[in-house]
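Engineer: Dock chains E, Z, X, P and U against the given chain B, drawing on the hints supplied.
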Amino acid sequence: MGGYGDVQMIDENGLRVDGRGPGDLREITIETGVVPVADGSCRMTWGTNEAIVAVYGPMEAHPRKIQRQDRAVLDVAYNMAPFSTTDRMRPGFNRRSREISKVTKDALESVVLLELYPRSKIRISIEIVSAEAGTRCVGLTAASVALADAGIPMTDMVVSVASGKINDIVVCDLNKEEDNYGEADLPMGILPNSGELVFLQMDGDLSQEEFKQAWDYNMDAAQAVHEMMVEALKGGGSQ
Amino acid sequence: MGGYGDVQMIDENGLRVDGRGPGDLREITIETGVVPVADGSCRMTWGTNEAIVAVYGPMEAHPRKIQRQDRAVLDVAYNMAPFSTTDRMRPGFNRRSREISKVTKDALESVVLLELYPRSKIRISIEIVSAEAGTRCVGLTAASVALADAGIPMTDMVVSVASGKINDIVVCDLNKEEDNYGEADLPMGILPNSGELVFLQMDGDLSQEEFKQAWDYNMDAAQAVHEMMVEALKGGGSQ
Amino acid sequence: MGGYGDVQMIDENGLRVDGRGPGDLREITIETGVVPVADGSCRMTWGTNEAIVAVYGPMEAHPRKIQRQDRAVLDVAYNMAPFSTTDRMRPGFNRRSREISKVTKDALESVVLLELYPRSKIRISIEIVSAEAGTRCVGLTAASVALADAGIPMTDMVVSVASGKINDIVVCDLNKEEDNYGEADLPMGILPNSGELVFLQMDGDLSQEEFKQAWDYNMDAAQAVHEMMVEALKGGGSQ
Amino acid sequence: MTIPIVPKLLRAHLGELAANDGRIDGRKQWEGRELDVKHSVLPRAEGSARVRMGDTIVFAGVKFQIMQPYPDRPNQGGLMCSAEVRPIAGRHWEAGPPSPESIELGRVVDRGIRESGCIDVDSLCIIPGEKAWQVILDLFAISDDGNLFDAFALAGITALRNATIPAERFEVGEDEPLTLSKTPIMCSYHRVGGRFVYDASGREELGGDERIHITLGDDDNVHSLQKGLKGIFTADEFAEIMGHACDRTKELRELIN
Amino acid sequence: MTIPIVPKLLRAHLGELAANDGRIDGRKQWEGRELDVKHSVLPRAEGSARVRMGDTIVFAGVKFQIMQPYPDRPNQGGLMCSAEVRPIAGRHWEAGPPSPESIELGRVVDRGIRESGCIDVDSLCIIPGEKAWQVILDLFAISDDGNLFDAFALAGITALRNATIPAERFEVGEDEPLTLSKTPIMCSYHRVGGRFVYDASGREELGGDERIHITLGDDDNVHSLQKGLKGIFTADEFAEIMGHACDRTKELRELIN
Amino acid sequence: MTIPIVPKLLRAHLGELAANDGRIDGRKQWEGRELDVKHSVLPRAEGSARVRMGDTIVFAGVKFQIMQPYPDRPNQGGLMCSAEVRPIAGRHWEAGPPSPESIELGRVVDRGIRESGCIDVDSLCIIPGEKAWQVILDLFAISDDGNLFDAFALAGITALRNATIPAERFEVGEDEPLTLSKTPIMCSYHRVGGRFVYDASGREELGGDERIHITLGDDDNVHSLQKGLKGIFTADEFAEIMGHACDRTKELRELIN
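Residue numbers (our numbering), protein chains in the order written: chain B, 52 to 290; chain E, 52 to 290; chain Z, 52 to 290; chain X, 10 to 266; chain P, 10 to 266; chain U, 10 to 266.
Some hints could be false.
Claimed, not checked - For each label pair, taking beta carbons as the anchor points, the in silico distance ranges come out as: (1) Z:Gln259 / U:Pro16: 34 to 40 Å; (2) U:Cys255 / Z:Asn64: 34 to 40 Å; (3) Z:Asn145 / U:Gly24: 37 to 43 Å; (4) P:Met89 / B:Pro169: 41 to 47 Å.
Said to hold, decoys possible - Quick list of in silico lysine-lysine cross-link-like pairs, DSS-like style, CA-CA up to 25 Å: (5) P:Lys17 / B:Lys172; (6) U:Lys17 / Z:Lys116; (7) U:Lys239 / Z:Lys116; (8) E:Lys153 / E:Lys172; (9) P:Lys37 / P:Lys259; (10) E:Lys172 / Z:Lys116; (11) E:Lys172 / X:Lys239; (12) B:Lys116 / P:Lys239; (13) U:Lys259 / Z:Lys263; (14) P:Lys47 / P:Lys191.
Keep in mind that the hints were calculated from the coordinates and are not lab data. We put the CB at the ideal spot given by N, CA and C, even for glycine.
Chain B on its own, in the form it takes in the complex:
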C-alpha cells in the first residue's frame, strides 16, 4: 500500500473522490460468450477494470505427469496485457502474476467438482486488458462466471471483492486513486450462499476493529455482485 497519509481522499460528508459512500461498489457489467472459440467465457468490467476470461475443457491433461487419477486439475493463468496499465507491462515472467494465478487456482479448485473429470484438465485464462485496482478480484469473479458459462459443475460460484482503508477510514472496493494512497487492502473470495471463504489475502495495516469492518463490507458486497452474476448467466448481459 502506498500510505501517503496526508492526501485527503474523503470529504466532509464522508463521500469519496468518485462520489461513492464508504460501502459502495464501483459500476460493474458482466457479459458471457465473449470468446467464441472457447467452451465458456466472460467479460467483466468493474470501474475501468476489464477482465476477459476463457475456459477450455475438460480436456486431456498433458504432459501426463500433471494428471491426477481421481480428479481434474485446473490450469489457471492470470495475466495483465501489456496495454492494461499506465506504464506498459512487459510480457514474460512476473512473480506477482504467478502468485495471483496460484491463489486463484486454489480458490476455484475449492468449488469445482473436480472428481467428475478424472485425469483431465480445465484451462482457465484470465486476461486483464484494462487495470484499475482490484484486478485479482475481477479476474476470480469473472472466472466463476466463465466456468458456469462452460457448464462446469460447481458447489457455488466464488464472488471476490476487496475492502480497504484510506485516511484511516475503512471503505469498500478501492479505486485507483484510493489504492495509490490507501493504507490497507483486504481481498476475499466468498461463497455467497454459505458465507464461507475460499480466497483471502491482505496487506497493509488494520486494527482488529477495522479488519472486522472491512470483512463485513466484503460480505455485503458479495451478495450484490452475486445477483449481477446470476442475472448475466440468465440473460446474457447484466447492464
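Structural biologist: Relative to chain B, chains E, Z, X, P and U alone:
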C-alpha cells in the same frame, strides 16, 4: 530498409559501388563435404557472406511428440555466429533468427520427399560465419546443396536470391553498402526447373512496376546460381 | 588469480597473515546428520567457509532419459547461497557453479559403487552458506562425508584440498586474502588410501618445481583431513 | 502452439467444396468475413482498437515510452511492435516463450507498418540525441478463428491512427495526436482445397496449406510480403492474389479512414 | 516442486487422530514444535539468523546494496525479500526456475515485513535522489519438515533486527545498526484431519488441506493475510485462528526481543 | 548434449587395441592427428583462425568492444572467452542453453589463456576509469570428431595473435595489432583402453574414460589444469602426461609462431 535516399550508390554509367551492373550477382563459390562428421554439408560464399550447412539424418525424431506418423519433419536452425557481424552478435534467443529458421523450414519442406521417412527427423544446421547482406538466401540455397549432398530426395533444389532498390533503381543482389541505404529487398526461393516459388519475403517500398522488375531479376539469377549448384554437386567444387 | 604481486603476505619468519606456516591448514570442523529430512548430510566449516551437503537416494531416476540401465547416476548441484559472499550472489544460472557441479560429479562418480543401483539416481546438494576461499574443495570433501553418512558404498572417500602460491612462495590452503593476491591455485581431489586422484584443476602460474611442491602439500594435507572425516563419521562431530 | 492433428477428412471435404467453388462457411473464394472495427476501447492505452472478423477477435494497444535515440540517428524515435497469442485465444495456443508462429505474426505485421514509412520517426524526436518517443504497438489475440495476421494488422493501424502522444504525463509538452502519413493494409491468402482463398477461417487453416501475406500502401506500393508454411505456388497464382489485394486493401482503407 | 502422491492412508490416519484431538507427533492442536533461534550465524552477511522448528531448518541473511532512489520517492531506500527452496531442503523440492510455491513463500513473508512498516525507508536515504540503501533479505531453506512460512518469517525479522548497515565498506560513512520500529510475527495454520492446527509438520502438510497465514504487529494490528491451497473455511474458524495468533505472536515477539 | 549409448563392443575393441599399443585410426599413443591452422579467415572478425585436427574443425573469432573499467581496476581492460558447440558440429550436440560440456570447454580454454597473462590488460586501457577495450574471443565448432579442447585452444591463441584493435571504427585512435607476450598451449589426454592417449578422436572419446587438460606457457610453466569425466588416475600417470605435454606444447608453439 535504411532508406537514406540522398547517398549516391549508382554512377552515371549505371554501375554500382562494386562495379556491377544492375542485374549482376556477386561472386559465388560452393563446396560440399565440408563438415566431415555430417551426412551432407555445404560451404557457400557469396560476396563476403559465408554459410556452412550440415545435414544429419534421417534419424529418429524425439521427443516423440514432434513425430509425424506419415512423414519426416525438418528441424531447421538458422544462426549467425558471434563473429559474423561488424558488431558482435550475442548468442541466444533472437526473433529474427527464429523467423528465418521457420520460413527456411517451410521452403525446404515444400521440396523434400518427406513421405519417404515417416516418424523421422532430418536436422539442418545453417551457420552464417560471415555476414554481408542476403544471408537468408545464402543459407537456404546452401541448405539445398547440403540436402543433395546427403542424398535426401527432393523434387527440386531451392535457389534463393534477392533483388532490391537503391536510389530508386531496381538492382539484383544487394551488397552490404547497398543494403544499408537501400529502399527495398525482395528475397525469393525459386524452383529452377518450374519457376515456382517456395519462399517469398519482402520489405520496403516497391511500386507494382518495380516489383515486377525485381521479380524478373530474381528469376534470371536463380538459373545462373542453379548451374553453379549442379556443378558443385558433380565436381566437388564450383570455383 | 588476482596477482597483485606487490602486497607482502608472508613475514620475515615465513608466517602467513593468519599466523600459519606454509604447509598448515585452516581450522576445520565436520558434523553429520545436519539435514534431518535427508538420507545423509554433512556440515563442514573450514576457516570461515561453511558448506552444508544433503544426500537423497538412491531413488528412481526421472525423467527416464537420464536413467542408465547398468548403474546409478549422480545428480550433483554446487551452489552458493546469496548471503555467502561479500557482494550478494544473485540466484540463478551461473557458469562457474555449473562447472564446479560437473567436476564434482565426475569426482564422486569415480568412487561411488554406481553399479549397485541400476536405473536410480542419487541427489547430492552442496550449498555454500559462507564462502572464504576453496569452497569447491570444502563442498567435495563434505559431499564424501554426506555420502558415507547416507550409507552409500564407495571405494574410498574423496578428500579435496588446494595449495597455491603467494609472493612467489608455495603455501597450502589459501585463505581469502591470500586468494585475492595469490598467483596460483591447485585444488586436487585425493583418495587418501591410495594417493590416486579423481579431481584436478589449476589456474595461475606455477613452474614445474613449484607445481611439485604444491602437489606434495596437498597429498599431506589430505591425510590430515581424512582423519577428521573418519572421526566425524565415528563420533558424530569432529571438533 | 501445439501441432493439431490435421484431419484427413477435413482436407478431403475442403477439396470437394473447392471443386465446386465453395467454402466451408458458404463464402466465395475472395469474400471476407463480417468485420467490426472499434477504436479507443482500452482506457489505459494511448491508442487502441478492437477488431472482430467472424469469430476472430483481437486488440491492439499503443503505449509510449521515452527512449534515448541511437547514436547514429540522434533525431529519430522508434517503433516497436509485438504480438502475443496467449492460451485464451484457442485450445491449440499454449503458454510459454513466444512460439515461432507468434514471432512470425509479430514480425510480419511490424514490417508492413514500419516499411510503409507511415510513422515519421523524425517527428518523434523530443530533444535531439537525448530524448525521443518510442511507440510501442502491442497486438493481443482474444479469440483465434483464423487469419490473425489481417486482424492484427488492421487493429494495429487503427490503434496507431487514434493514438495520442502523452507528453503531459511525461512532462515534456502538451498531448498531441500521433500523425500517420499512410495507411498500410494487409491481405492474407491461404491455399485451401488446392486454390487460394482470402481470409481463411480456423478450420480452413487447419485443413489448408501455405499462406501468403501482402501489405500494400495507399498507392498500391508493396511494403511487405511473406509466404508461410509448406507449399509451392506459381507466378500466376501470385499475380491473381496481388490483383485481389490491390482492390481489397482500398476497401479496408476506406473503412477505417 | 514435484507433486507428491497424497497417501490416502495418511489422510485417514490424520482424521482419526484429529477426532481424538491428537496429532501425529503427539502435539496439541495449537502447540508449536521446539524452537531454536540463533542470530549472527553467517560471517559474510550483514545480518543473519538460523531458525530450527522441529526438523525444519532455515537461514535468513541480510545484505545491503546502494541503489538510486525511484524518481517519485527520492528520499527512500528499499527492501527486497526473496525466498529460495533448493533441492537440499527435501526430496520433493527440485532445481529450476522458482516454483509457484517458493514465489508464494517469498511474497507472503515479504508483505508481512514490508506492510508492517517496521523498516523506515526514509532512514535508508544517503543522498536524496542519488543514493539510498537497498536492504536485501534472503530466506534459504536447509531442511523442510513443514511450515517454512513461519520459519522464514521468524528468521527474516531476526536477521533484520541484528543487521548492520555496512557504510564503511561502501565508503559512505560509519557502520550503524539497522533500526526496526516494530516486530511483525507470522503464525500459520493448516487444516489437518478436518480442523485447523498450528505449525503443521511435513507429514501434516502432506495429508492436509488449506492453510492460512497471519502476520500481526506489536499491537495485534493485521499486516498480512494469505489463504493457500484448495479448501473452504468459515468465518468462525477464522476467528478462532485469529484469536490464537494474537496470543502466539506475543510469545514469539518476546522470544526474539 | 545427448548422452550417447556407450557401445560395449567399442570399449572392448579399444581395450584390445591398447593391449597391443594400437589405436583405432592406427596412430601411436602420443601421436596427434594431421593439423591445419589458418588465420585471418573471417572477414567480419578483428582476428580469426580456423583449425582442423583430423575431422575436427573449429573457428575462433576475436571482436572488440569498449567497456567501462571496473572501479577497483580503473586501468584495465578485459578478456571474455566463450565456446559454443551448436548442433552443426555433430549428431549428439543439441540446441538449447549451454550444456555443462560446453560450459566446461569455454572455461578451461579461457583459464589457459587468461592465467598465462599473455594479454596485458593494462595495455587495453583507453581512458583510465572511463574506457577500455574488452577482447571477446568466440570459439565455434563446425565438426566434432573429438578433442575440441585442443582445437579451441589452438584456434583461440592463433586468432588473438592475429587480431587488430579496431580503434578507428570506434573513433578512439589508430588501428593497431593486439600484442601478446606469451603463447600458452593446451594438450589434452584421454584414457582409452585403460591408458592415456594424446588427441583422442570422437570414437576414442565415446569409448574412453577420464580426460586431463594441461596448458603450459613458453617456459613450461603450468597455467591451467583440468580433469574431466569419471575416472581415477595415479601420480605416475600424470607425470608421464606432463612430460609429453612439455614437449608437444613446444612443437605446437613453433608451428603457430
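Engineer: Go through the numbered hints given earlier and state which of them the structure violates, listing their numbers in rising order.
Structural biologist: none
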